[in-house]
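Chemist: Modelling step: build the complete structure from the supplied sequences, incorporating the hints.
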Amino acid sequence: MTIPKEVTDLAEQRIQARASKDFALSDQLRDKIAELGFVIKDKPDGYELLEKPPFEVFENLASIKLDSNLLSKRITICLLVDGWLADTKECLEALLKFMPKDASILALDLGNIDAVGNYLADTQKSNENLVVVHISQTLEQAGWANSINKLIELNPAEFSVVMDLSSIMSADAITPLMDQIKGEIVAVGWKGSLVNLDDQWRSVEDKGDGEVDILLGYLFVIKTKIAQEIPANSKAKFYRNADLEWSLELRSKGHKLVAFSKDLAVEQKRHHGYHDSDIEYREKESKKTYDRILQNYRGKTQILSPRR
Numbered sequence: 001m002t003i004p005k006e007v008t009d010l011a012e013q014r015i016q017a018r019a020s021k022d023f024a025l026s027d028q029l030r031d032k033i034a035e036l037g038f039v040i041k042d043k044p045d046g047y048e049l050l051e052k053p054p055f056e057v058f059e060n061l062a063s064i065k066l067d068s069n070l071l072s073k074r075i076t077i078c079l080l081v082d083g084w085l086a087d088t089k090e091c092l093e094a095l096l097k098f099m100p101k102d103a104s105i106l107a108l109d110l111g112n113i114d115a116v117g118n119y120l121a122d123t124q125k126s127n128e129n130l131v132v133v134h135i136s137q138t139l140e141q142a143g144w145a146n147s148i149n150k151l152i153e154l155n156p157a158e159f160s161v162v163m164d165l166s167s168i169m170s171a172d173a174i175t176p177l178m179d180q181i182k183g184e185i186v187a188v189g190w191k192g193s194l195v196n197l198d199d200q201w202r203s204v205e206d207k208g209d210g211e212v213d214i215l216l217g218y219l220f221v222i223k224t225k226i227a228q229e230i231p232a233n234s235k236a237k238f239y240r241n242a243d244l245e246w247s248l249e250l251r252s253k254g255h256k257l258v259a260f261s262k263d264l265a266v267e268q269k270r271h272h273g274y275h276d277s278d279i280e281y282r283e284k285e286s287k288k289t290y291d292r293i294l295q296n297y298r299g300k301t302q303i304l305s306p307r308r
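Each residue of the sequence shown is one higher than the one before, starting from 1 at the first, in my numbering.
Note that these hints are calculated values from the structure, not bench results. No experiment lies behind these values; they were computed from the predicted model shown. Among the hints, a few may not be true.
To be verified - Pairwise CB distance ranges (calculated): (1) Gln13 / Ile303: 47 to 55 Å; (2) Asp199 / Glu93: 39 to 47 Å; (3) Gln13 / Asp291: 35 to 43 Å; (4) Asp198 / Ser126: 49 to 57 Å; (5) Glu93 / Lys52: 21 to 29 Å; (6) Gln16 / Leu96: 42 to 50 Å; (7) Gln200 / Ala115: 27 to 35 Å; (8) Ala62 / Gly299: 33 to 41 Å; (9) Asp67 / Glu93: 21 to 29 Å; (10) Lys287 / Glu93: 33 to 41 Å; (11) Lys52 / Ile303: 46 to 54 Å; (12) Lys5 / Glu128: 38 to 46 Å; (13) Gly299 / Lys52: 48 to 56 Å; (14) Asp199 / His272: 22 to 30 Å.
Beta carbons are placed, not taken as given, at the ideal position from N, Cα and C, and that holds for glycine.
Modeler: See the structure below:
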């Protein structure tokens, strides 16, 4: 692909505008680049120019605009998609086949990695229960917590489903979780754990189904209003430990969480977010989040679920 000099000149001007913190000019230059048929993506070492895709791409989370009338069901399944085309197809096809009739899917395409944004856009055309939002930022740039919080912020439905692409359903695994939400219980998930007090809060342990301290982000349902009032910590850039931190904050506000896996029709495939992420980045960001957990919650046993 040959990029016209006019486009590269505008891209260089935009770099200078951003360096000078002239973000209004930066936005104008981005729009001019788009008018010429290209999208500019910011990178740590500069920028990348790509041909403009046949769908709207917002520059970042803050610029997203969405007609809430597109999400008219009782449940919205929130999906963060950062590449992994084969996994996205498997997860999405299972959801479209098995999700409850009163559910919609809201997918956030982060950076159109592996052309997954094109796949989502094509799939959306033939599925009215799929709504896709595209942004130029990658998941690393936008951050896991900020991204999931944005989807929940956009969600007008009563319930939000948070899940990972590695969780593959073979039947409706959402309704059984929904059925457990009652009274003080605001969220129910496939997998949960308890803080290990003997290890001074430095680890968690699986105690099976029942009330838990923590719900893991593989798959859980939460009341949307509660998730909007008590969002995931925006400092959590990487997913690992972000679900722990979010869960403990929910419990600190008096809300109960429950793990329920009995006969649940879901299995976990390879979790690329962990196994295929940059090891140094993964460990650095995971440690930051866990250090916050220790600082903010360790010793506050009153917020924990009954020991068992």
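Chemist: Now, for every hint given, state plainly whether the structure supports it.
Modeler: Now for the hints, and whether the structure bears them out:
Judged by the Cβ atoms, the range 47 to 55 Å given for Gln13 and Ile303 holds: they are separated by roughly 52 Å. The beta-carbon spacing between Asp199 and Glu93, approximately 40 Å, falls within the hinted interval of 39 to 47 Å. Between Gln13 and Asp291 the CB atoms are about 41 Å apart, so this pair conforms to the stated range of 35 to 43 Å. Our hint of 49 to 57 Å for Asp198 and Ser126 holds, since their Cβ atoms are close to 53 Å apart.
Distance hint for Glu93 and Lys52: a CB-CB separation of about 28 Å, consistent with the stated range 21 to 29 Å. Separation of Gln16 from Leu96 is about 45 Å and conforms to the stated range, judged on CB atoms against 42 to 50 Å. Checked against the given bound of 27 to 35 Å, the beta carbons of Gln200 and Ala115, roughly 46 Å apart, lie outside it. Evaluation of the 33 to 41 Å hint for Ala62 and Gly299 yields a pass: the beta carbon distance comes to about 36 Å.
Here the CB-CB span from Asp67 to Glu93 is close to 25 Å, well matched to the stated 21 to 29 Å. In this structure the hint that Lys287 and Glu93 lie 33 to 41 Å apart at CB holds, the actual value being about 36 Å. Range check, Lys52 to Ile303: Cβ separation about 49 Å, and the 46 to 54 Å hint holds. Between Lys5 and Glu128 the CB atoms are about 43 Å apart, so this pair conforms to the stated range of 38 to 46 Å.
Between Gly299 and Lys52 the Cβ separation comes to about 53 Å, which falls inside the hinted range of 48 to 56 Å. Between Asp199 and His272 the C-beta distance comes to about 28 Å, which sits within the given range of 22 to 30 Å.
In the structure shown, a violation is registered for the earlier hint numbered 7 alone.
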